[in-house]
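Trainee: Residue numbers (the numbering used here), protein chains in the order written: chain E, 1015 to 1370; chain P, 1015 to 1370; chain S, 1015 to 1370; chain A, 1015 to 1370.
In short, the hints are calculated from the structure, not lab data.
Please note that the accuracy of each hint is not assured.
For identical chains, the list gives no copy identity; a pair is met inside one copy or between any two copies.
What the hints assert, rightly or not - Taking lysine-lysine and the DSSO-like style, the derived pairs with C-alpha atoms no more than 27 Å apart in a straight line are:
hint, residue 1, residue 2
1, K1085, K1263
2, K1300, K1085
3, K1263, K1033
4, K1085, K1102
5, K1341, K1322
6, K1341, K1300
7, K1053, K1102
8, K1341, K1033
There are 4 protein chains.
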Amino acid sequence: MSQEADSECEVYSLDRSWKGPCEIVPQWEDYCWTFGGCKARWEIEPGVPVSLFTEDCFGGRVRSAAHLPSKVVQYPYLNPQTGPFFVKGAEPGDSIAVHFVSIAPARDWAVSCTVPLYGALVGTSATAMLHDALPELTWVYRVNRQDGLVSVRGLRSPWTVSLPLAPFHGTVGVAPPAGEVRSSIVPDMFGGNMDTPEVCAGSTVYLGVNVPGALLSLGDGHYAMGEGEACGSAVEGAMVTTIVVEVIKGHYCEWPRIESDEAVMVAGSARPLEDAYRVAHAELIKWLVETLRFDRLDVLQVLSQCAKSRIANVVDPNYTIVAKMPKYVLPSDVSFMGGAHDHLSALAVRAMTREA
Amino acid sequence: MSQEADSECEVYSLDRSWKGPCEIVPQWEDYCWTFGGCKARWEIEPGVPVSLFTEDCFGGRVRSAAHLPSKVVQYPYLNPQTGPFFVKGAEPGDSIAVHFVSIAPARDWAVSCTVPLYGALVGTSATAMLHDALPELTWVYRVNRQDGLVSVRGLRSPWTVSLPLAPFHGTVGVAPPAGEVRSSIVPDMFGGNMDTPEVCAGSTVYLGVNVPGALLSLGDGHYAMGEGEACGSAVEGAMVTTIVVEVIKGHYCEWPRIESDEAVMVAGSARPLEDAYRVAHAELIKWLVETLRFDRLDVLQVLSQCAKSRIANVVDPNYTIVAKMPKYVLPSDVSFMGGAHDHLSALAVRAMTREA
Amino acid sequence: MSQEADSECEVYSLDRSWKGPCEIVPQWEDYCWTFGGCKARWEIEPGVPVSLFTEDCFGGRVRSAAHLPSKVVQYPYLNPQTGPFFVKGAEPGDSIAVHFVSIAPARDWAVSCTVPLYGALVGTSATAMLHDALPELTWVYRVNRQDGLVSVRGLRSPWTVSLPLAPFHGTVGVAPPAGEVRSSIVPDMFGGNMDTPEVCAGSTVYLGVNVPGALLSLGDGHYAMGEGEACGSAVEGAMVTTIVVEVIKGHYCEWPRIESDEAVMVAGSARPLEDAYRVAHAELIKWLVETLRFDRLDVLQVLSQCAKSRIANVVDPNYTIVAKMPKYVLPSDVSFMGGAHDHLSALAVRAMTREA
Amino acid sequence: MSQEADSECEVYSLDRSWKGPCEIVPQWEDYCWTFGGCKARWEIEPGVPVSLFTEDCFGGRVRSAAHLPSKVVQYPYLNPQTGPFFVKGAEPGDSIAVHFVSIAPARDWAVSCTVPLYGALVGTSATAMLHDALPELTWVYRVNRQDGLVSVRGLRSPWTVSLPLAPFHGTVGVAPPAGEVRSSIVPDMFGGNMDTPEVCAGSTVYLGVNVPGALLSLGDGHYAMGEGEACGSAVEGAMVTTIVVEVIKGHYCEWPRIESDEAVMVAGSARPLEDAYRVAHAELIKWLVETLRFDRLDVLQVLSQCAKSRIANVVDPNYTIVAKMPKYVLPSDVSFMGGAHDHLSALAVRAMTREA
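Next up, chain E with everything else stripped away, as it sits in the complex (with noise of 0.2 Å):
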């Protein structure tokens, strides 16, 4: 209980605790707090992997219990992207695919809050409510890197818990269509803060691209998350990452498309839920149809019979969902937006090979 205030709260260091190459790494003054709307500060090679370091979504701010968001973080600092990355060649009306090499925890603690006025189970300035805000808290998480776990204890309950590491971007996008400059913390057409769990080691995102060089950019490491990121946060940590990105000439994605060896998937986001859901699956089907060349009822029926459909959050501005279609039921030979997943995970290979 005293934990909240406490003097005593051990404040964790922002170095990062294992050391590796890292070819970016932003200085404060270099994050980017919207999609759309910063310059281009490093540019991307098609096919050359890239490491980067992300910071946490409270920019590191948050590094005890006795830190809470509303008192260490000045809005609308939140959620720090590093990038824009201008993407050689990219043009708008064609997409770019961002293969995922890797994403590992930067650092040996992470954190996760209850924020005034955010979450799924408390009103918010969208649910808007008469009900004062609950409690802010601050729980520390400590990472076994060995073991892949990451520890919390309760901050009033005899309760202490470990959960498999699962590292993934909260966040990666571009510059959105019709000039528009979004915030870091929505989730849309143009990626942004999906909070999905797909965006991990080994997936590819394809997103398309509206200005010149696409001005990607990522953020928001999550060590760990449970679907629909209940409390308003998860598992928030700086991450090392490195991404290879593929650019796919006039074949504009509208919504963000994600491919691994064993799905493809669509992230939709809006509110309701429901409408989160109908953007990810009728835009799966479109997929679906425009690459296959199926009925459009046929894919629905199967899809209807074996797709997941997992929530990844019910808590930004926009909530998203991702409809998903393994690969299993598909033509074996059939390829997705010219292959690029396939490619760029042989990249991958290559690079991590050369590496070790």
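Given chain E's structure and the hints, the job is docking chains P, S and A onto it.
Mentor: Same frame as chain E, but now just chains P, S and A:
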């Protein structure tokens, strides 16, 4: 294309393909089409397994690609329930634990349909649109019990798909509170048409008792289903199912709870879909707090990082989401609902051993 | 009941303050708490006005600032309905037209309350939140019939407010389709707890008949109400009401339709609130197209520019919106539902003239 | 553009039919298509009325029944805004009061259209459906300024309709917070495309200032509109409008507030529609409590019995509802936002008197 009304379409048989003991096989006039509103037809003795037959959601009337629900099924005769069962000793204020010992396809075929004004991606009677309905179509699935597969051919595409057989009951419920009688299409606090794959062999469903004997009924067998049941129907088929029941005196569950060997769950049913998420997660937190006596915010925190939130349906009059807390994060000595799941699982093992 | 009353809080009387003819005054055991599920208690002869008494939504149990619903009302005994009435000649597939000749407060007081887990701006059983409930409070209103006002004093503020008396019935409905029985708290296709001020003297409500005699009932008098009923209750009071009914053979309304001298309306009840909007407007377009035989898109266009869309409630198990098309844009010779509103209005005038 | 026109369809002129003084008439390249993201084009001196021209939402490109938006309008060039205006003295943390002195149709015609993927009763990019779009159609309205009417003929029905002219601005807003730039199609905390008829002559709109000079802009004139804008467009027309502005130092409105002689209002914009209702009413309660210093629950009670809740739009990326508290229930000496509405109304009367 011509399949839709082809006189040459094979019409499948209503016989049980896989014969075997089944104590309760309703006649047509035995079925109940509502939760509440039917007199008890059979009695269940707590602790004594009972095997029963359930008809598919179309009452077995759709058994060919040429059979369309709007032609062969007469509203409201959809989703026949086997029951109600009077559970001996169950009184208002108690809960019953319904353990599913086994759920097996009763036939070697099943069907799925697009139905006008039903489905997640079309206008419906509640999400009223000015569009014309999509074409009504019926897909017939064949069951291969040896390999554990169901297979279907595209109606308009050269596509044959095999999916893992994953049988469960779309519907299980009791008479509702407050004297209501609800269509067997509806999921709500009394259970009903939740359409969650978590109602499978090995799981225990807890339901609060509102009337003497609880008046349990079940049906709507699914041989397989994607999350959300996008087109409005799963792979719909008749089942032979064995259940065993326990009465938990003086402990009333407001919302359906589910327990498996690996997890505890709550099924929330509401619209919009985020409200189903809210009910499921808030009630799961309530259940965990009442059982573990941990602080509510600590429980929220851990649930936020490791719960699964499985979309059951986005098509019924209420949508359903199941919040699922893995048991591995809980103290090892904790037991839920008086340990009913453990008792009934042990009973089930004994029953099945005896049988074999 | 009076034991809960603060000795200094005045407890109001259940007597009718304004005596006058009222043919049907139910005893406590006469009330029905559901739509469907009650046997017919009285008979209605089409064309013959009948005057009846309706109790308030709390069954008259809240009659002092010291009376709190959670203490004095026993769930589910909320929202007592006067009825059901067996309407002679009404058969499934017909509709009944219920014309409200007069609706007058029966008492010189009324109440409104904040109720835990009810209301548009608080967590509820469906919009489940982790917040504690707001305080439960009761405000007593005084009626000034001469000036046509209801008045209330702030409980915690130096504020006295007088509002125009605007009596209507929150609830009017018939037995639901498909054998359902629904709590009198619920609005849906059968009418029920729509909470729309359009159900006022001078209006005609059309309801599709699902069972022989329709089984009409009504209640939940409101002396005044803001749009949406934000706190969960209106100015709740007993009524003396005169209705006159007509049977429209072979013309079934799926959703409740309302007609006044100035407008035709449909009440859509659903969640989320945009679905209530969709039902109301799509069904109003359907009604106009079926009556006027104009093109659907022309009707959509005109409705888009002149319809009113009145929020009725945002608190009941379904939310209700009433779409309202002014008659002045319609051909002058058009008549709806066989002219029932005109016949019944004329009858009402004659009845009231005779009375005076 | 005219090539798309059917030779028999009259193409209307972009000239102003009603000439008169108008200080600010933008050229095409002057228009701004976003809130935020445009440099200030003009300056506004507080207290000095300014008259300005606004183009219609289609940029004047739809001016015949043969002109279809999808053909003649190039996305994202929809909803041109006149502005931004740099309001002298406005700093972040202040609010501006924008009083509408007069709003008059600039032309004797206007248009309305059905647009693919837009509207409350069709599938859209967020409420994604598998249906094909409805036909795209354009209706041309004629204005009769003498009689105060707009008239339209059915395209496919023998139906001519005249509606009262009721001009207002669908759009008024400032640069958003947090460095965002939003499409002029979007309503949110910064105002924008609220589509509420309450933004009419005689009203004052209060908007929180996020950047120096506020960067006010406005447009999207509607000659008339039904509640909700069901088909996706109102009677869209160019306007000549006079506004006068005041800066309220150190008093920041989070959401748009509106004041008229009869009422105080808040416009909430969110999805689902009940969240727009929640924002509007919770923020109106907050405003009343902060101004009147009455208890929050007393304010909730009175608002629940007399507020109007006007649906503005159910078609934009956020839906909008306006909560409206009548002034007659408030203490007579109360004044809101420093009395800005009263000052500006007085100024407006003087300005108009001088003019006449």
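Trainee: Need the list of violated hint numbers for this structure, in ascending order.
Mentor: 3, 4 and 8
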